[in-house]
Structure formats: C-alpha cells, structure tokens
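For the record, the sequence lines run as chains A and B.
The opening position of the first sequence corresponds to residue 59 in the numbering used here, with each subsequent residue numbered one higher.
The opening position of the second sequence corresponds to residue 59 in the numbering used here, with each subsequent residue numbered one higher.
Keep in mind the hints are simulated off the structure, nothing from the lab.
One or more of the hints may lead you astray.
Claimed, not checked - Stretch by stretch, here's where chain B covers chain A in the computed footprint (C-beta under 8 Å, at least three residues):
#, segment
1, 312-322
2, 328-336
Stated by the list, open to error - The calculated label-pair distances, taken between Cβ atoms and stated as ranges, are:
#, chain 1, residue 1, chain 2, residue 2, range
3, A, Arg111, B, Pro167, 56 to 62 Å
4, B, Asp89, A, Pro265, 45 to 51 Å
5, B, Gly231, A, Gly231, 41 to 47 Å
What the hints assert, rightly or not - If you want the footprint, here are the derived chain B segments under chain A, 3+ residues with CB under 8 Å:
#, segment
6, 226-239
7, 243-251
8, 310-317
Even for Gly, the Cβ is constructed at its ideal location relative to N, Cα and C.
There are 2 protein chains.
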Amino acid sequence: MAISREVHLLARPDGLPSSDQFHIVETEVGDPGDGEVLVKNSWMSVDPAMRPRLSNGQQSQHQVISGGALGTVIASRHESFKEGDIVQHGAGWRELHLSDGGDLEALDPAGFPETLYMHVLGTTGFTAWGGILITGRLQDGENVFVSAAAGAVGSVAAQIAKLKGCYVIGSAGSAAKCAWLQDTLGLDVAINYREGVLRKSLKAAAPNGIDVYFDNVGGEHLDAALPRMNVFGRIPICGMISAYNNFGAISSGVTTLSNMVYQRITMQGFVVWDFNDRKAEFLDDMRAWLRAGQMHYEETVYDGIESAADALIGLFTGQNTGKMLVKLS
Amino acid sequence: MAISREVHLLARPDGLPSSDQFHIVETEVGDPGDGEVLVKNSWMSVDPAMRPRLSNGQQSQHQVISGGALGTVIASRHESFKEGDIVQHGAGWRELHLSDGGDLEALDPAGFPETLYMHVLGTTGFTAWGGILITGRLQDGENVFVSAAAGAVGSVAAQIAKLKGCYVIGSAGSAAKCAWLQDTLGLDVAINYREGVLRKSLKAAAPNGIDVYFDNVGGEHLDAALPRMNVFGRIPICGMISAYNNFGAISSGVTTLSNMVYQRITMQGFVVWDFNDRKAEFLDDMRAWLRAGQMHYEETVYDGIESAADALIGLFTGQNTGKMLVKLS
Numbered sequence: 059m060a061i062s063r064e065v066h067l068l069a070r071p072d073g074l075p076s077s078d079q080f081h082i083v084e085t086e087v088g089d090p091g092d093g094e095v096l097v098k099n100s101w102m103s104v105d106p107a108m109r110p111r112l113s114n115g116q117q118s119q120h121q122v123i124s125g126g127a128l129g130t131v132i133a134s135r136h137e138s139f140k141e142g143d144i145v146q147h148g149a150g151w152r153e154l155h156l157s158d159g160g161d162l163e164a165l166d167p168a169g170f171p172e173t174l175y176m177h178v179l180g181t182t183g184f185t186a187w188g189g190i191l192i193t194g195r196l197q198d199g200e201n202v203f204v205s206a207a208a209g210a211v212g213s214v215a216a217q218i219a220k221l222k223g224c225y226v227i228g229s230a231g232s233a234a235k236c237a238w239l240q241d242t243l244g245l246d247v248a249i250n251y252r253e254g255v256l257r258k259s260l261k262a263a264a265p266n267g268i269d270v271y272f273d274n275v276g277g278e279h280l281d282a283a284l285p286r287m288n289v290f291g292r293i294p295i296c297g298m299i300s301a302y303n304n305f306g307a308i309s310s311g312v313t314t315l316s317n318m319v320y321q322r323i324t325m326q327g328f329v330v331w332d333f334n335d336r337k338a339e340f341l342d343d344m345r346a347w348l349r350a351g352q353m354h355y356e357e358t359v360y361d362g363i364e365s366a367a368d369a370l371i372g373l374f375t376g377q378n379t380g381k382m383l384v385k386l387s
Numbered sequence: 059m060a061i062s063r064e065v066h067l068l069a070r071p072d073g074l075p076s077s078d079q080f081h082i083v084e085t086e087v088g089d090p091g092d093g094e095v096l097v098k099n100s101w102m103s104v105d106p107a108m109r110p111r112l113s114n115g116q117q118s119q120h121q122v123i124s125g126g127a128l129g130t131v132i133a134s135r136h137e138s139f140k141e142g143d144i145v146q147h148g149a150g151w152r153e154l155h156l157s158d159g160g161d162l163e164a165l166d167p168a169g170f171p172e173t174l175y176m177h178v179l180g181t182t183g184f185t186a187w188g189g190i191l192i193t194g195r196l197q198d199g200e201n202v203f204v205s206a207a208a209g210a211v212g213s214v215a216a217q218i219a220k221l222k223g224c225y226v227i228g229s230a231g232s233a234a235k236c237a238w239l240q241d242t243l244g245l246d247v248a249i250n251y252r253e254g255v256l257r258k259s260l261k262a263a264a265p266n267g268i269d270v271y272f273d274n275v276g277g278e279h280l281d282a283a284l285p286r287m288n289v290f291g292r293i294p295i296c297g298m299i300s301a302y303n304n305f306g307a308i309s310s311g312v313t314t315l316s317n318m319v320y321q322r323i324t325m326q327g328f329v330v331w332d333f334n335d336r337k338a339e340f341l342d343d344m345r346a347w348l349r350a351g352q353m354h355y356e357e358t359v360y361d362g363i364e365s366a367a368d369a370l371i372g373l374f375t376g377q378n379t380g381k382m383l384v385k386l387s
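Modelling step: build the complete structure from the supplied sequences, incorporating the hints.
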C-alpha cells in the first residue's frame, strides 16, 4: 500500500482556468494484483488540447485529470512488464498509476532523453509531422505559415517546413519567442502577434502568399491567413487555442472564409491518432533529424504535482517556450 | 453591320447592386471576317458568382458584364461552325457576339430543351454534381444539409443526395420555396431561415448530425452547421452568397470553427472547372435522371436585355426559384 497524489478537476472553468478549480487529492494505491503493474510517474505532459475537455464534459469532475505521463514500472505481476521498464500512458495527472497493462506503452528511448518522448519524439512531434506532411500535403519549397510557432507542436511543424526547403513564417506572443524562432529555428519571418495588426504583418511577411497554414490558434490568426492563401492552399487545423477559454469553444468570428471558394482552399481538422499507421516512419524521420542536430526544442518544466494546474494555466498566458512539462520527484 | 445592345458595369457596387450601376450600351457589330462567327444570343445566365467579380476588379468597368450565354450562329466564316449551330460561351451579356470561335462550345441538346444547358445540364448542374459527389465525397444514406437549397445549384445538390438515399435538410428563404423543397423535391426537412433561430432549427432537423454540408451561403448558415457535423464530416464550399454583397467579401463572423478539430472536418472550396475531366460522366448521370423524371428544376425568366441588372439584383433579394435566366428576343 502506498500513498499517491492526483490532480482532480474541482469545478469546470468557464474562461481561463484558475488554480482553485483544481485540487490535489491523496489516495492509497494497493500493491499490484495478478496481471497488474504499478508505475511511478516521472513526467506529466501539459497540452492545450486538455483545455476543451475540462468544459465539454469529456473530463469528469472530481476525477483525475486525463493527460499524458511517462514513468517507470516499480512493481509488476504482468507478463509483459518488469521492474525498471519505462512506459507511457494517458492515465493522467497522478504520482502512482496501478494499471492492468492495457493502457501502457513500453518505451525504448533509443538513446534519447526520455522527456523527448513527451514532445518531439512523442505525441506533439507526431502531431506536427502528420499535420504538416499528411493533412497539409506539404511540398518542398512552399510558402508556410505556422501560428503559435514557439509552442510544442508549432515549433516542430515550422522546423519540418524549413527542412523541406520552405519559406516559413511563424507567429508567437513575445519578442523573446520571436528571436528564438528566427535565430535558433531559422524561420524566415517571426511575427509578434501582440504588436501591430496581425493582418498587416502577415501580408507584409508573405509576399508570395501562403500555400500551407498550420493553424494552432484559429480566430484572428485564421481570419488574417485566409486572404493570403494561394490557390489550392491547405489549412491543417491542429487546434484553436484562441477558442479554448471561451464558453462553448467559440472563437472570435472568422469573416474571410469566402476566400475558401476563390482560392479553392482545403481546411481540415485532424488529431494525431489519424496517423497511427505511420508512427514508425515518423520516428525514423524525427530521430534522424535529432541526431543530425536539425531539430531544436525547448522544455518548460514546472516542478512537482502541486504546480500542475499552474502549468496548464501558464499554457494560455504564454508562460512556455516549447513543451510544457511537470516533473515529479 | 448590325446593332447589338450590351450590359456594361457603370459603377462598382459596394453592397447590394442597384440598377443605376449598370448601363445598356448600343454597339455596331461588323460581319464576320475570315475565321469569325457571329452568334445571336437567346439566353443569358444570371449567377451568384458574378457578384464578387463586380467589386474585386475581375470585371472591368465600362465593359460588357462577363457571364454565360447561349445562342445560335447566324453567320460564319469559321470552318468549325455553321449557321444554325447552337453554341454556349462566357462572353457575357450582349445580344450579338462576334467571335473567333475560340470561346465557343458547340452544343448538342440531345433532345433536351436548350435552356437546361444553362442550369441542370450546364454549369450549375455540373457544379452541384461535382461539389457533392467529388468534393463532398457523398456516401449513400448519409445525412446532408444544403443551404440555399431552392437555388439553381442547391436544388440539384439536394436532389442528387436524395437519389443517393440520403436524409436531406435544405434551407430556403420563403415558405413557398420550402414547400417546393419538401413537396416536389422530396427533401426530408426544409428550413425557412427567415423564421426562428437557424441554429436551433438545424439542430432539431438533424437528430443524427450532418455528414455533408453543401454550403452556398457561409456566415450564419456555416456557423449553425459546424456544431452539427459528424466526425470526418465534409463541407464542400460552393459559394458564400451571404458575403458577396459585403465590402471585401467579408461574411458575418463564423465562431464555431473549433468543431473542425473536434470532429476532424474537411472544408473545401471548389469551382466547376476543377471537375472538367468528369464532364461526360456528369452528363450521363444527369440526362438519365432527367429522362427518368427524377430531377426537378425551375426557371425564373426575366425578359429582354434591359431586365438583366434587375435579374442579378433579384438573385440577392430572393426573387428566383431555381435558375435565373434572361431571355433575349
């Protein structure tokens, strides 16, 4: 019998979440029974996509927050897992996880730090890879715009586009993030969307229009991008972070959709599991880019399970560069 | 030498066009020279897509309005055309058209009234067929919503969906149009969008959601449809008539686009020439449906070239059921 702490949802946020809507609960976790595995989590993933679930009912109240985690098997009575195995799961924000094994994926880090499997080598990297190459049908040398380009998914999408010889514009919400986009990631233009008028900045930044807009934001960003799209342009919709904190997931109105017709644009929402059959190909690409030093990433790490709610809120107030993680002791 | 009248654009409309922005001009048309053909137009097509061109510069001021027409060759010195041939062209709103033949398409009516080649057997029918079957990837038995369903394109799209065994909801702007949609076209539900709250009417009409939304309208219609879309739903965007009379083709804001991600929706703008390689297949389908009495249509006919501007304005004030045409004497 061991003591674990979990993060529960106390009240559903109606706008920007606040820390009093979350709650740390202590629970007793038993020893693994036959066919069970006990995992001690070392990292928890903090993702924008968690936000809508808090309001739309997919996340139950007074239950542990669903989300990605990575940990080590500390006891096992399951034939497929042994002590010391590193595993990933989506069973949420808790220190200990007692599992029947069905929700665990064993991880071979293949020489890379294990946190990379929480972002560039994990779901966020795979989301970016599939979104820009499969949904976005990116061609070498095209003109690309990525919103929230300093975020975990956006930064990978933007770098893949650069690796494919594209002209890449990225938007971010601070001068420091823009400097990172241009100086470290090598983007052609970085737009600080908090300065000036986004629509005008984007027009100036895209003299040859936009072939692929990788949208993480929606709202004003999408409104500004649509009139810049070239014929047969593609808009993979990865997320609409601008809408996540509004009641009913309503974004600021997009008024320029008639460009969809004039330029025969395709806009398509996707989620990472749409690409599951391409996982090995993704890992091959990404490991090669990492080994060649061609894929940069940053991690913003909050310490301890008690900081998890602040980490999630921080996503929506621009506190992260790159992947937001919570480290458990 | 003959006298022809043409409709010219006098001033660019900024909202709903008004008749004083158009102007009838008399011109002298010479006899055909070597390689030339003289066409006497009998029908002119009036289409929503003409509207944005009047404001966005694609239509030149003080020039004849571009648009579809159908006529008869009355004199020819071109080897491919002879007197009496029926031809279609896009050379616009004029009584006589002197052509080098390059813009003429000879028409074999195959036993159907020639005006049908201005709508169900012409561009509007082909637009509907390609938009719902190719862009919309319609599957038999799906749940379908068509906006402006009493219009020339919408009514064909809705009937094709019925022919494919689908549950079909249509919207229109009057009780009479809604009665036609239900009683003649056999739609499952017709919504009068001028009554009640469209978002609520559509929710009530779509108990099993929407798999394909054929959008002719944009704005409030699209805003209402997005939350109703099923997973992997498709939204072929044929037009956004709600935006055409607003400056800069700006529609009322669409605030529900985050559903694109949740349901992995594909939204795609298209134009009819995207389907050019499928024209024969379209004609085979449509002629068979017409012969079987399975394809209904209406024509709203304005008489004489002097009524052409009013016919165009009438499109945006709901004066037509089915295809809007101008008959020339």
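Evaluation of the provided hints:
Figure legend: the segment 312-322 of chain A, annotated as covered by chain B; annotation consistent (11 residues with Cβ-Cβ distances under 8 Å, at least 3 required). Chain B is given as covering the segment 328-336 of chain A, and this holds because 3 residues of the stretch bring a CB closer than 8 Å to a CB of that chain, at least three being needed. Look at Arg111(A) against Pro167(B): about 58 Å separates their beta carbons, and that is inside 56 to 62 Å. The hint said 45 to 51 Å for the Cβ distance between Asp89(B) and Pro265(A), and at roughly 49 Å that hint holds.
Between Gly231(B) and Gly231(A) the Cβ separation comes to about 43 Å, which falls inside the hinted range of 41 to 47 Å. Chain A is given as covering the segment 226-239 of chain B, and this is violated because 0 residues of the stretch bring a CB closer than 8 Å to a CB of that chain, at least three being needed. Remark: the segment 243-251 of chain B is not confirmed as covered by chain A, as 0 of its residues place a Cβ nearer than 8 Å to a Cβ of that chain, below the required three. Only residues whose beta carbon comes within less than 8 Å of a beta carbon in chain A count, and the segment 310-317 of chain B has 8; three or more means the coverage holds.
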